[in-house]
Amino acid sequence: MIYMQGIQMDLVSEGKMSQMASTEKVRYIIDEVRKGKILVLEKGLNPMEEAKLIEMTMSIIQPEVFSGIEMQSYPSKEDTSILSKIFKRQGNKRLTVIGPANQLKTLKKDRNLISALVSANK
Amino acid sequence: MSVIKRVKVSFSKFFDKLFKKKGACIGIYGPPNAGKTTLSNRILRDWVGNEETMGSVSHIAHETRHAKRRNSISIETKHNTINLDIVDTPGLATKIDFHDFMEEGMSDAESKKRSKEATEGVIEAVKWLEDLDGVILVMDSTENPYTQVNVTVIGNMEARNLPLLIVANKVDLPEADPGVIKEAFPQHPLVPISALEGVGMDSFYEALAKQFG
Chain A
1 MIYMQGIQMD LVSEGKMSQM ASTEKVRYII DEVRKGKILV LEKGLNPMEE AKLIEMTMSI
61 IQPEVFSGIE MQSYPSKEDT SILSKIFKRQ GNKRLTVIGP ANQLKTLKKD RNLISALVSA
121 NK
Chain B
1 MSVIKRVKVS FSKFFDKLFK KKGACIGIYG PPNAGKTTLS NRILRDWVGN EETMGSVSHI
61 AHETRHAKRR NSISIETKHN TINLDIVDTP GLATKIDFHD FMEEGMSDAE SKKRSKEATE
121 GVIEAVKWLE DLDGVILVMD STENPYTQVN VTVIGNMEAR NLPLLIVANK VDLPEADPGV
181 IKEAFPQHPL VPISALEGVG MDSFYEALAK QFG
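Residue numbers (the numbering used here), protein chains in the order written: chain A, 1 to 122; chain B, 1 to 213.
What the hints contain is simulated information worked out from the structure, not anything from laboratory work. Glycine included, C-beta positions come from ideal geometry on N, C-alpha and C. There could be a bad hint or two in this list.
[Unchecked claim] Here are a few chain B residues that face chain A, going by a calculated C-beta distance under 7 Å:
{"hint": "1", "residue": "N50"}
{"hint": "2", "residue": "T53"}
{"hint": "3", "residue": "G55"}
{"hint": "4", "residue": "F98"}
{"hint": "5", "residue": "K112"}
{"hint": "6", "residue": "T119"}
{"hint": "7", "residue": "V126"}
{"hint": "8", "residue": "W128"}
{"hint": "9", "residue": "T142"}
{"hint": "10", "residue": "G155"}
{"hint": "11", "residue": "L162"}
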């Protein structure tokens, strides 16, 4: 039997996240990240949920135990359509990667690329 | 007080509430060390005077760990005068590692204390987002603007349909490139400034009056 060592990465579909309430999503992300997992969310969180995630992350930071999360999502696309202006459509959610701050490091990020380093060393 | 007088006072208060234009409450947001408190202090120096400051500044991140509000700052521009309440908020972050403060020469105990206070400050800053009429988002022109903090603050303002002004700070530094910030967030107005040196402040106040006046 071959034993593999590494980091678990979960690719989470929009379907799975859409079944959860905002607080459940944030709780789910925090719990998984604290286990040391890297999450890639197909459609990410809305901006209010992102703020809530930052808030909850801050409340559980403990020196030597948990220093927070690394989270990266793309900026919202500029929507200049007339319909968008009339109905003030909210920013479309885009792919998001989240992991423990001591294991996930963003190397480069721009409008259409997120390049990250995942480390097994805590 | 006679009945007629009481009715008059009630009506007066009602119409005051209905028509009086209250000064907008604007939050100054951004990642740690972008220059939020330096900008707040510059605004106070320009429009309040008397040596009043919003807070101390430091090269060590998370110097501001509590939000501070200054009410009724009257700002005159070429075209109008606006009255604003300004809230200087602690730098937003998704991680706070006390080792970073130790690297700056702080003791273990001091670093852990600062780290704890910094996490509380971030929570306070996030909570303030719900009570504002608009945001000045301060970015460091020498840094990559595509940070999660910037994306989240801009997303929150767009979702709430509230006005936002991006400030590309630290243009006095040779490596500053405000054009990169404009390219990243083209849908929002941007003003390049140096809050430290007072560069670009006239344009900043004009943009402020236009966005929040």
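Minimum Cβ distance from B/K112 to chain A below 7 Å? Holds - the Cβ of B/K112 comes within 7 Å of chain A, reaching about 5 Å at its closest.
Chain A contact restraint for B/V126 - C-beta distance below 7 Å: OK, holds: B/V126 within 7 Å of chain A, min 5 Å.
Chain A contact restraint for B/G155 - C-beta distance below 7 Å: Because about 3 Å separates B/G155 from the closest Cβ in chain A, which is inside the 7 Å limit, the hint holds.
Hint check, B/F98 versus chain A [nearest Cβ-Cβ separation less than 7 Å]: holds (5 Å)
Per the CB criterion, is B/T142 less than 7 Å away from chain A? Hint violated; B/T142 Cβ to chain A Cβ min 16 Å, cut 7 Å.
For the hint on B/T53, does the least C-beta distance to chain A fall short of 7 Å? At about 26 Å, which exceeds the 7 Å cut-off, the nearest Cβ of chain A leaves the hint on B/T53 violated.
Hold the hint about B/W128 up to the distance rule: shortest CB distance to chain A must be less than 7 Å. With a closest approach of 11 Å, the B/W128 hint is violated.
May I ask you to test the interface hint for B/G55 with respect to chain A, counting a Cβ-Cβ separation under 7 Å as satisfied? violated (20 Å)
Tell me if the interface restraint on B/N50 is satisfied: Cβ within less than 7 Å of some Cβ in chain A. With a minimum Cβ separation of about 35 Å from chain A (threshold 7 Å), the hint on B/N50 is violated.
Supplied contact hint for B/L162, tested at 7 Å Cβ to chain A: violated (11 Å)
Can B/T119 be said to touch chain A, with a Cβ gap under 7 Å? Holds - the Cβ of B/T119 comes within 7 Å of chain A, reaching about 4 Å at its closest.
In terms of the numbered hints stated before, the structure departs from hints 1, 2, 3, 8, 9 and 11, listed from lowest to highest.
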